[in-house]
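Engineer: Each of the two chains sits in its own frame; use the hints to bring them together as a complex.
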Amino acid sequence: MTTASAATPSPAAADDLGGGAGTALAPPSAPSAPSMWRRKPGGWLAVLPLLLFIAVAFGLPALAIAIGAFTTTDDAPGGAQWTTGNLSLSVHGAYFTALMGSVKLSALTALLGVVLGLPLAQAVVTSRFRALREAVLAASGVLANFGGVPLAFAFVATLGNSGELTKLFHLGDHGWSLYTFSGLTLVYLYFLVPLMVLTITPALEGLRVQWREAAQNNGATARQYWLHVALPVLAPSLLGGFVLLFGSAFAAYATAAAMVGSSVPLITLQIADALSGNVLVGQGNVALALSLDMILIAGLVMAVYVPLQRRSARWLR
Amino acid sequence: MTATATEASAVRDAGGATVEFRGLRRVFGTTTALDGLDLTIRPGELVALLGPSGCGKTTALRIVAGFEQPDAGQVLVDGEDVTGVPAHRRNAGMVFQSYSLFPHLSAADNVAFGLRMRGVGTAARRKRATELLELVGLPEHGDRFPHQLSGGQQQRIALARALALEPKVLLLDEPLSALDAKVRVTLRDEIRRLQLELGITTLFVTHDQEEALSTADRVAVMHGGRLEQCAPPAELYDTPATAFVAEFVGTMNRIPGRTGNDGTVEVLGRRLPSRGEARPDTGVDALVRPEALDVTPGGDARVVTASFHGAVTRLTLALADGTTLKADVPSHRAPELPAGAAVTVGLPDRPVLVDDRTA
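Going down the list, the sequences are from chains C and L.
Note that the first sequence covers residues 1 to 317 in this note's numbering.
Note that the second sequence covers residues 318 to 676 in this note's numbering.
It is possible that some hints are incorrect.
Derived, one-sided and incomplete: chain C residues facing chain L with beta-carbon distance under 8 Å [what the hints assert, rightly or not]:
1) Gln210
2) Asn217
3) Thr221
Stretch-level coverage of chain L by chain C, calculated; a stretch enters the list once three of its residues show a Cβ under 8 Å from a Cβ in chain C [said to hold, decoys possible]:
4) 373-386
5) 426-433
6) 471-485
Keep in mind the hints are simulated off the structure, nothing from the lab.
Quick caveat: nothing in here was measured; it's all calculated off a predicted structure.
Ideal Cβ placement from N, Cα and C applies to all residues, glycine included.
Next up, chain L with everything else stripped away, as it sits in the complex (with noise of 0.2 Å):
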């Protein structure tokens, strides 16, 4: 899928808004969806709200669609408080899950539903649909039922169908869960490709941390109706707010340690400054990436298999203390550090995230 100018100049115009989430807070029955969610998204980025099932990602977003009312809280859109607005009247393109299409319409007609409903002719609405189908690079389908397409072809459809209003704002509910595996990756990155062209300010719920790392500006986590930590993808990763996102994020080790009384943490026999709320000496873990271990040969811990990941290889070891770790060394380095061997753990100089003790 290749947009060119004269394509993407078809929905330019509606540039990208700010968005604004004030105190959401929604629960339904006895489960509380979001309790209390700030969270602001500049014009033309990408947010991608990341979590668990259940912690109100979605919900979040149908609230910006307006297929849910928030018991509390407001929704800004470039400053306007659109809360209480109904979705036929709100301008925001939506991509469901799945399923989503019209039965009964051509895939051209399911472009040109909005502008139908809006009483464009059928010349304009025909043409508008060709420019869309040209952009999401399904020119020759226009004829097709949705049930002649494959999904990744259904999903861009209906991302023409979302674009097609020139809405302020695109909200992505799972677009991509219910594709294989390589359809996937090929429609997230031509989604963010049209995103950037197209400066559409645009919220992705997705519960793939891998999705949202790679597609996005920021990423917003959220943990039980709350917002854990919004920013950029790098930034998540190497300086995790809080334990949930440095867990629910990539691969962690925990590994026991103990705090001081000014700030410093003691683990695998090294004082180092901590982050995170942690009580002055008390037994606590220290969150560590497995990459950013420092593995040597020789040592009392012992190395128990090692599993060879293509640029590196992720070696599980055990520490004399029984504490299981995992640590990702280059492959070249691999030889030297076979299953049995003995080796030494060591940590880099910095900061490190401490947690309450697991177990």
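Chain C extracted, bound-state conformation (with noise of 0.2 Å):
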């Protein structure tokens, strides 16, 4: 049996002539602090603990490494006193050798980690076998945290001077040698990369087909999309990745330390022996300058990022 069916043009609809687009809509701005202050009282609270732990974890340790830095030793002749004679020695001779070396092995290893990170996560991304996507993420995940003595030893297993790779290959008769700032900057990218492909998987994820489509629609080849769309709209999350993964690079030690030793000059592996008085004693508060340094180095590279990263994101606020 029966009946009408389908809709009918809805007489709300009909009636909704006249008016309506084009009504601005107000730019969103977000409530300046002073007036979310006003209307939240309580929303310090909630960040106490935070700013609790930030202070313990890291304001304190900072503060002593400062102190540290400036002061002499209670054993040196004369007492603990002021002084800038550690953070001048610091930045002297093999210390400030190493310290460059550190911030130019970081540099070059976050920029190819960024580099090489970027393409193999939109290979993940855009790849059709959802289950060879998940196990490159996981891998990523595990490879991300995998340093330390463990991957040095795999690595002098594998192209190390008696390494497996480098027998087969003859490697070092093509002047191959892993103990090198190269050697080092290949171990490193071995976890900066995965590294990187989880910190831009999620932004890579977040690039709209239809930005693609217009811009072909636009007459845009795939170089002139990426150059004139997804890099810029990727820049923020780029530009956060490059400073991860300097941050990874810079503090790593254990790596270097098990692989190289001091035939690498590294700020951290330079910590180490003046804590652990390998070349002189009494030098523990030079390390203390030393990681003065690294603190300082962070901070200018973060100085650095905000404004590129502030500039690069513009658009989103």
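Structural biologist: Spelled out as structure tokens, the structure:
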């Protein structure tokens, strides 16, 4: 039997004539900090545990480092007193070379990590094979945290002077040595590239298909799409990834210590040597000055990163 | 949004092109999205592709844009086969459903994006973007980023961007579906006005029949990857070619009847010429619009409910055999046909579309 089917244009819709389109929405503006403070005086209470944690876990050690870096030890001639000697020593000679070595290694590996991690992550994101995609992401999670002595041993056994691949391909005859700046770069990339894949994957997933198609529709080639749309949209994430990788490489110690010892000058190795008195005794406060240098460099990187990030993400505000 | 002659001339040079689909076929896994689509869109015409989800309308549009390749068949623009031409070389501007503006570019830069890709200089780009922003009624919004614009404004910018390269064909992929009702109606009218002023051949994909009927020169109703009917809105509504079109567009009653051996159908006690495919001497459903039914007081049918719709009142009627019908009567007649009233239901003197009985 039957009956009235389908829908009729609703009278309500028909009555919706006039006005509406183009009525500008005010640009969404974030409430200013003072007004938020007025509205939610209890807001700071919620963040108190975090502030306390930062004060204990970062503030106190940083303060101790700063004080130590500017004082002499108790057993120094004349006892403990204020000095800039430690800091001065930390930016001269072998220490300075090590500081620059760390900066160069970190910057290079971070850059390579970004450059290699981005296409790899893009391949993962666009893969039609879901299982492969999941496997690569899971492996990245493991490899990004695979460092220290086990990683060093893995590379020594594979690409060291007597490593399997070194022997198989006679790499030594071609001038290959794992225990150099280049060798260390390769080893660092082993955990930095997966870290970049993990970091950038969510951002790549956020690139809308419509943007690519709209770009094509406007005459953009694949290269132009990446250059004018995808990379600018990804820029804040890429910068963030670079900083993360830089920090990770800059602070790495165990891998380098196990692999190259002191043959590649790095700041973390110098700090360890100074603390343990490997070269000279009583260099503890110089180690603290070197640590302060590291904090300052990290701060410098952030000082460059923040305005760049703000500029690249101005369309997000 | 009022397009001046100067502004409109900014894109008029493109003119309208003929677009032809020839035997388009596209299969996704086990789903056949297009099953031999043939359709010709005339220069300067606005054709709405209308149909339920999965009928293939968006696939057809994406094939014109170059985002999909057909498994078989051709797309011709002005007689030239563009099936193998990559998307970035097709002269077709497209407005997407939503969220397609580049988020890192201002409205003006979004509009000028295509010109930038073609290496047009900054000054020329800026001038053209300004013209197009004026054309879509947003001359003051060039510096805003997409997230600072309302949904309707974003779609206007997307329309300006689609027109920036003076395309031969304008493709609209449900551009109004993410907007609220008021904005949808206004923007729909503005798109139509602009399309007429520019004379650009336009394909408009929608699942909203009201949108299609009120905007298009012709409406192409698709079902299961095939074209059911392509006709002007009034013709589509008044003389639907198939039962699917009849029921998809507007409201339709199914009234039990029986076909004769002479191309007629007996329904509601009358014998009328029949349209549609039905075997002789079988039980069928006659498809009749609510406004085509003639309702008069007295008889063996009954008014179940009366619902006021402004100019018309919709009656729900129960026939003696239990069949339920919808009938629209002028509201001034509603007082004589209250709920519970006995009535007679009559049919107009014209051929009736018949279909296999569904229940």
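Engineer: A separate judgement is required for each hint: does it hold in the structure or not?
Structural biologist: Results for each hint:
1. Gln210: This interface hint holds because 4 Å falls under the 8 Å limit.
2. Asn217: Constraint on Asn217 of chain C satisfied, holds at 5 Å.
3. Thr221: Holds, because the Cβ-Cβ distance from Thr221 of chain C to chain L comes to roughly 6 Å (cut-off 8 Å).
4. 373-386: holds (count 3)
5. 426-433: holds (count 3)
6. 471-485: It holds: at least three residues are needed, and the region 471-485 of chain L offers 6 whose Cβ sits within less than 8 Å of chain C.
This entry satisfies every hint, going by the numbered hints stated previously.
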